[in-house]
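**Q** Put chain Y on the given structure of chain P with help from the hints.
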Amino acid sequence: MAIRSKRYAEARLEASSNLELYWWVFMRISGVVLVFLLIGHMWMNAVLTDLNSINYDYVAKRLSQTTWKVYDWLILALALLHGGNGLRYVLDDWVRNPARRFWTKVVVYSLLAFLFFLGSLSLFNHDFGVN
Amino acid sequence: MYRGREGQWAFYLHRISGLGILVFLMLHVANIASAMWGPEVSNALMKFYHQPVFQVGLLFLIAGVLYHGFNGLRIILMDFTAWGVRYQRALWYGVWVLFVVFYLPFLIKIGGGILGGSHGD
Chain P
9 MAIRSKRYAE ARLEASSNLE LYWWVFMRIS GVVLVFLLIG HMWMNAVLTD LNSINYDYVA
69 KRLSQTTWKV YDWLILALAL LHGGNGLRYV LDDWVRNPAR RFWTKVVVYS LLAFLFFLGS
129 LSLFNHDFGV N
Chain Y
374 MYRGREGQWA FYLHRISGLG ILVFLMLHVA NIASAMWGPE VSNALMKFYH QPVFQVGLLF
434 LIAGVLYHGF NGLRIILMDF TAWGVRYQRA LWYGVWVLFV VFYLPFLIKI GGGILGGSHG
494 D
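Line by line, the protein sequences give chains P and Y.
To convert, take the position in the first sequence, counting from 1, and add 8; that gives the numbering used here.
To convert, take the position in the second sequence, counting from 1, and add 373; that gives the numbering used here.
Here are the computed lysine to any residue pairs in the SDA-like style, where the Cα-Cα straight-line distance is at most 25 Å:
hint : chain 1 : residue 1 : chain 2 : residue 2
1    : P       : 14        : Y       : 454
2    : P       : 69        : Y       : 421
3    : P       : 69        : Y       : 414
4    : Y       : 482       : P       : 45
5    : P       : 113       : P       : 82
6    : Y       : 482       : P       : 79
7    : P       : 69        : P       : 57
8    : P       : 69        : P       : 125
9    : Y       : 482       : P       : 63
10   : Y       : 420       : P       : 47
11   : P       : 14        : Y       : 384
12   : P       : 69        : Y       : 422
13   : P       : 113       : Y       : 387
14   : P       : 113       : Y       : 398
15   : P       : 14        : Y       : 389
16   : Y       : 420       : P       : 53
17   : Y       : 420       : P       : 57
18   : Y       : 420       : P       : 72
19   : P       : 77        : P       : 63
20   : Y       : 482       : P       : 46
21   : P       : 77        : Y       : 407
22   : P       : 69        : Y       : 418
23   : Y       : 420       : P       : 133
24   : Y       : 482       : P       : 56
25   : P       : 69        : Y       : 417
26   : Y       : 420       : P       : 56
27   : Y       : 482       : P       : 65
28   : P       : 69        : Y       : 483
29   : P       : 14        : P       : 28
30   : Y       : 420       : P       : 46
31   : Y       : 482       : P       : 80
32   : Y       : 420       : P       : 48
33   : Y       : 420       : P       : 61
34   : P       : 77        : Y       : 404
35   : P       : 113       : Y       : 397
36   : P       : 113       : Y       : 389
37   : P       : 77        : Y       : 479
38   : P       : 14        : Y       : 457
39   : Y       : 482       : P       : 59
No lab work stands behind these hints, which were simulated from the structure alone.
Here the structure is a predicted model, which is why all the values come from computation and not from measurement.
Bound-form chain P, shown alone (with noise of 0.2 Å):
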């Protein structure tokens, strides 16, 4: 079960497993860090550019840089997970049923992956070399 503590104390005793404190420690760990980069990732795309004017060559120019990549995969990553575990404590409140939630969560992961590896090839099928 998810950790509804609001105190890292309260919450190690809380924990079902070492895994779930892990859980419990990364969503704020990756929470900091995906602010900060949503944060820039937005205002550079959406505020500092007009978003009418991105088309795939705004997006081939942008990802020819390593910077660009490393930064968008590390949201990418960082969020699939986040947004993923998520999704499993809604999913452990909401969906009551357990063969239901089990395989709503089967679907839901796959779903994910599958994202992730979607997301990832386009990061880096770009060109190094476009200008």
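**A** Okay, now just chain Y, sitting in the frame of chain P:
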């Protein structure tokens, strides 16, 4: 509903925004991945998403990310400080102050684009 005060709204908004962001992430990855099928496919899809209705959706998404992020920082303060839980309500209003400050530039830029009709091509 549980008591229905600020903490309850903070929780529900956190959950709804989190789910919304995850849905957007799927569409966003699919959109960026379309580049692997060449510029024609990719540009067609991006032009489709430049329609005003999706830009309004984007404004909701950015609101969701900012709220989820700042409220997440509030949760962390409640978890790791001795005073966080005591001041959780004040912190929630602090979340909204930060939200407004960061949201305004996005609202002006994207909202202006929608109203100005600079979408499409």
